[in-house]
Structure formats: structure tokens, C-alpha cells
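Chain order of the listed sequences is A and B.
Whatever position you read off the first sequence (first residue = 1), add 1 for our numbering.
Whatever position you read off the second sequence (first residue = 1), add 11 for our numbering.
Keep in mind the hints are simulated off the structure, nothing from the lab.
Note that beta-carbon positions come from the ideal geometry of N, C-alpha and C, so glycine has one too.
Warning: the hint list may mix true and false statements.
[To be verified] The list that follows gives simulated cross-link-like pairs (lysine-lysine, DSSO-like), each with its CA atoms no further than 30 angstroms apart:
#	chain 1	residue 1	chain 2	residue 2
1	B	Lys163	A	Lys440
2	A	Lys215	B	Lys163
3	A	Lys348	A	Lys56
4	B	Lys163	A	Lys218
5	A	Lys189	A	Lys391
6	A	Lys367	A	Lys348
7	A	Lys128	A	Lys455
8	A	Lys367	A	Lys218
9	A	Lys190	B	Lys163
10	B	Lys67	A	Lys161
[Said to hold, decoys possible] Covered stretches of chain A (in silico footprint by chain B; criterion: 3 or more residues with CB under 8 angstroms from a CB of chain B, positions within the stretch not fixed):
#	region
11	9-18
12	119-130
13	203-214
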Amino acid sequence: MSKKWSRRDFLKTSALFSTGALLAACAPAAQPTAQQPAGAATEAPKAAVPSAGVKKIVFSTYVWSNFEAAMTDILNGWKAKTPNVDYEAQFVPQTIDYWAKIQTQVASGTPPDCGMSDYGHLVSYAKNGTLMDITNYIASSKFPIDKSFPGASAQYRWAKGDFDSGAAGGNYYGIPSDAQAQIFAYNKKMFDAAGVAYPTDDWTWDDMLAAAQKITKADQNIWGMEAIPDYILFKGNWVWAAGGAIHSPDFTKSMLADPKTIEAYKWNWDLIYTHKVAPPSGSAGQQNPFMSGQVAMYIEGVWWLTDFANGIKDFDWDVAMLPKHPTTGKRTTTMESDGWWIYQGAKDPDTSWNLLSYMGSPDGQKLFITANDCIPSTYQDVATSWYATKPPDNKSKVLQNINTDSAKVDFTYFEFGTITNAVWPVIDKAFSDGTDITKAMQDADKVMNDELTKAWALLKS
Amino acid sequence: MPSKKASLTGMRRREELTAWLFITPIVLGILIFQFYPTLFSFYISFTQWNLLTPPKWIGFSNFVELFTTDRFFFNTMSNTATYAVWTVIAGLALGLIFAALLNQEIRGKYVYRAIYFVPVVAPTVAVALLWQILYDPNFGVFNALLRMVGIKGPNWLGNTTWALRSVIFEAIWAGLGFTILIFLAGLQGISSEYYEAAEIDGANAVQKFLYITMPLLSPTTFFLLVTGVIGSFQVFDIPYVMTGGGPANATQMVMMYLYNNAFTIQKMGLAAAVAFIVFAVIIILTVINFRLSKRWVFYE
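From just these sequences and the hints, can you work out the full model?
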């Protein structure tokens, strides 16, 4: 007679099985086999990989809008064109903290081979040995880095010991994948309703304010413009146009208390509290006020253009060159670039470079346009064809602005994240509560000086 | 034939082994996913670590920095303490009032109870986003209602004075259903004989509430107080979604500060130090609560 399985036996077996499963789940992942010298027999990796001899790399990037679809097309195109290569894509939604994920992967010794770069992390990553110096790859493969916008490629160049990227003699730790500038968008319907002429290339800050005053009907939630967000002000463009600066050129001293810097910030503060043509800063997650038809003029990043083109159906809109400062005549736009880089722990840097040079070349950049990517190329000629597409009708004005007056974004220096974390709240309080912006900038100046001192000490440690 | 004593010892051993087998998965889980990370985090709190290079031992420097030169630590602890005080006290008071009302024999009481519990089961992020829209200074419902009576509503989430109040108000609303549920269970555990006896002695409704309901409900109140304090010091999702800690760090809570230090500016050591300071604060408050409970918590 067979023994009936009791409840206790079932529970005991379940406990044993659960323990085994738990221990198996905690076992370290199988590591890929190390690179063998050419000609040596290669042990086939245990993971499911195509045939032996195929070089598989791990490529990582954050994704948004249709960028994942564009990237997938590009990667498949590379795979089709290049013999014996394969990839594993790690696409991370932009809503998730991508850089926390990357840092965790680096800490655990399992970084991807290559992936999306970030100009803001370049100096700290390069200093800490997280990134591979790819200067030799660029030189030996004659990669046309000198043909990209200077402000774009500068962000991926760093000389050891420098506080900021961009030094002429620095080595390359990445290549730019695009060139992002600021745009000045306007709502034609709101301009027409107020009887105001559309912006021209000769517009100054005063013209913009005058137009905003005519358009604004605050009681109806109709606003002339959105005040420029603080993170864009800190990137530098508006401040530089006024003749100011965020810090001294050698990064030893804050210039937030400089009168011209304060002028640029106050001009924005006045939009909300003096002239009342911009809505007060509200909840963080509300819909883009330009897309919802609340504000007539909007200064933000070029990455919004595709969202505007796809999302705005209720009114006609266009872009113009950034208005000039009434005294200096400058209309500086910042140049910032995402890009690609290779991690120091890459198992196959050669194949990784093969992919980067494919994507980063002018021909590769053209593929992004075909794939309807939303960020324009880092090469003048390729960017020209992107900027020639519509909508909006005058998209090329953004490129014209870049070629007229642009500079590397001021978000690239060492510990800028820590510094801005300390400085922004001091300035934000004035924008949120309407308190004295001049005093806020002076207080922020002291904070920034303290933080720069700490950052220099950390850089030298 | 084995002796009875040997048989009992063998049986006891088998029982013990079986017990260990049953609890091994959870014990392993606790050891691997809680105990070890806690120990490692404690070690990290004495180091300078940016995840990109190996941790560097710096002793108590992180703790010293937090209490001396850190610009934000005391502000975040103050925000968190304010949040904790208001959400716990208001949550308990309102929860008790509503539970007492919902404990009455009224028509549709089960429908009302379900309605009050809906915010508890709704996803926190969705609720926080919804309240962002309600709070919008231009087209939000609250300011629209205030405009109807001629009042210009504040910039609820964009003003440093109002932002924390707005987050607290939402948190009280979101957590009320849970407090009501627990209080209801407590109220229904009070025997009606006490109330009948009190009525015979001439007690009115207020006296019954103060001298019967409150004391007999004290264990429930104590449970909600302790768990409420612990939970409020660990709040992250509501302020993170509603305001991101702004404006100007007016709603930055200590857990968000920990997260920013760890994952935004890569100061894992400082973040770990924050974690242990908060742990110590919560332990101290819990011990205080337990000590004081001897004076006002009555177990039958």
C-alpha cells in the first residue's frame, strides 16, 4: 500500500524547494568568457548566442518618445551591415533613473560595453576611470570628429586634472550623437488674437516683453510667455547674452552676484512678478503650457520640436531666432550633446567602437533622420537637412542661431550636480515666492563659492 | 525496542528540523535581502563612495558633515518632522471621528466605508498626480472654487509656504481610509455592555466616548500612532511625485534627501549615514511611545 503524502510532507518538500530556488536565484550570473587573442580557440559562451565567432556587445541607453524604435532600427542596420556582430540592447525608459542604474552596474562590475553618454557625467566618469579613452580609435579610424559642431565635440574632450571638459589638448572619452540648442517657439493663434506681429530676427528682449504684455490676459489664463526655467538659465545662454556668467572662466569663483548675471535672472523674475506676463511656477507635472495653448512664447530645448509637431493640433506655431539682448546684441544659444561612449570594463571595445563610429558618422546620423529621431545631428550638413523638414515652417532658424552664436553648455564641469543642488534652491525661492531676486542671487553666490572650493578639493584628492 | 525517552528526543529533533525547514526560506531572505544590506550600509556610512571607485574609509566624517556643514539635513528633518506630526495627529483625530460616524447604524454605511477606503487602494502615484492637477494655481479645482467666492487661491505647490501644507493635506486624505478601517475594527471590538451599563448610570454621548470608547480604543490608537510615526518618517512617493522636493526644498523629506545623495550626486556614504540617523530617530521615538503607552494604553 503506497504511503499517502501528508500535509507535513508537502510543506517540508515545499520548504526545501523554496530554499533551493532562493539560493539558485542568488547565485552570481555567469560571466561572459574573456576575450581571446586572434586565432586562439574561443570557448562558446553558455548564454544563448548565435554561432561561435559572433561578437556580441551590450549596448545601453535611456529611451523616450520614438527613440527606442529609432535605436532598434539603427542597431539592426549595423548588425545587417557588419559581419559577425550581435548586440543586446538595454533600453531604459527615461522615467527611470538611468544613471543610477549605470552606476550600480559599474559598482557591481557589470557595465554595458557601450551606450548613451551624458556630458554632465563625463568629467567625473573619466576622472574615476569609468570610461575608455577613445582618442586612438578616433585617430586610427579617421573619425570626422572635427566636422561636428565644435560646442558638441568639446563636451567629450577632457584633459586629466581639468575642472571642465573642452580643453583643446584633451583626450576624447565619447563622441557626440547630436547637437541640442535652445528654441524660441511662438503660438501664431495667440499672436493673431492679440493683433501682435510675429517675432522677427531683429527682435530684442524688449520686443518680446512688449508682445507678451499685449497678449497676456491673466484672468483668462492666457499668458504672453513662460519664464525661462532655472535649469536653462543655469546652462548659460540667457546669462551670456546679457554679458554675465555663472562662474569665472577658471571655475574658482562664482559670478552669480555679477550685475549682468543678476540682470538676466531678474528679467525672468520680472516676467512673473513685475510685468505679470508669465504664469507663476506651479505643480511640476502639469502639461507643457505651450502645447496646451496657455503661453504664447516659449524658450526651451530643441528636443521639444518633435513633440510639438506630433502633439499640437489646435493652433499654428513656429520658431524664430532667440531675441537679442537690447544692449549687447547677443543671442547665445547653448550647445549640448548626448553621445556615445565605451565603458572601461567593456568586453569587446573594438566591436563597441565599430558600433559607435557607425552611429556617430555622418551616414549614421542620416539614419536617425530616416528613423524620425527627434534630436538633430551633430554635423552641419546632416543637421541642415533635418532642420529643413517641417513643421515648423522656420525650423532652420534654430540652426541659423547655432551658427550665429552658440557655446558649449555650462553643465559639464566637475561636481556640477552637487553644486546646482546647493545653489538652485536659493534662487528657486525667489522665483517661487516672489522674494528679492537680487538678494537671492547674492546668497546663491556665497553658496556657489563654497561649493566650488569643495569641488576643487575633491578633484585634487 | 527504543526507550520512550530516546523516542521523544528523536521526535523532538525531527520536529525541530521540520520547523527549521519551514522557516529557512524566509530566514534566508531576511539574511540576504535585509540583514546583509543593513550591515553593508552601516559600513558604507563610514566611507566616501561614489559607486565608480572603491569605498574609502573616512570614519565619522559623514555624520559630522550632516550635523555641522550640510546645508539641507536639518531642513529636511524639519520638513519630515512637520509632516509626521500633522499627518499622524490629524490622521488619528479625523480617522477616529469618521470611524465613530461610520460605526453608527445608518443606511448605506457599507457604501460610505468603501468610498472612504478607495484612496487607500488607489495607486499612490496616480493619486499624487491627480492632486497636482487639483492644486494647479491656474486651472486647478481648488483655486477655481475659491475664485467663485472672490478669493485668489495660493500657488499651492509652487509657493514655499503652501507647498508642504498641500502635501500634508493630500497625505492625510490618502491615508484616512486605512485609519478609519483600523479604528472601525477597534470600535466594533468594544462590547455594547459597557455602553448599556453607562447609559443606566446616566452617561451622555460625550461621557461614553471619553470614558468608555477612548480607553478601550487605546490599544488601537497606540498601534496607529506607532506605525504612523514610523511610516511618516519614511515617506518618499507622495512628495517625490507631487513636487520633487521643491519649491526650493520646501517639501524635501529625509528619504528623498537620502535618494538624491545616493543616486543623483553619488554620495553613497552620506546617504547611508542619513539612513542610520533616521533609523536612530525612529527607534528613539518608538521607545518613547512604548514607555508613554503605560500611562494611557489600557489592555483588558
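Taking the hints in turn, this is what the structure says about them:
no.: 1; hint: Lys163/B to Lys440/A; result: 27 angstroms, holds
no.: 2; hint: Lys215/A to Lys163/B; result: 23 angstroms, holds
no.: 3; hint: Lys348/A to Lys56/A; result: 10 angstroms, holds
no.: 4; hint: Lys163/B to Lys218/A; result: 16 angstroms, holds
no.: 5; hint: Lys189/A to Lys391/A; result: 16 angstroms, holds
no.: 6; hint: Lys367/A to Lys348/A; result: 29 angstroms, holds
no.: 7; hint: Lys128/A to Lys455/A; result: 16 angstroms, holds
no.: 8; hint: Lys367/A to Lys218/A; result: 44 angstroms, violated
no.: 9; hint: Lys190/A to Lys163/B; result: 28 angstroms, holds
no.: 10; hint: Lys67/B to Lys161/A; result: 21 angstroms, holds
no.: 11; hint: 9-18; result: holds (count 5)
no.: 12; hint: 119-130; result: holds (count 4)
no.: 13; hint: 203-214; result: violated (count 0)
Consistency with the previously given hints fails for numbers 8 and 13, ordered from lowest to highest.
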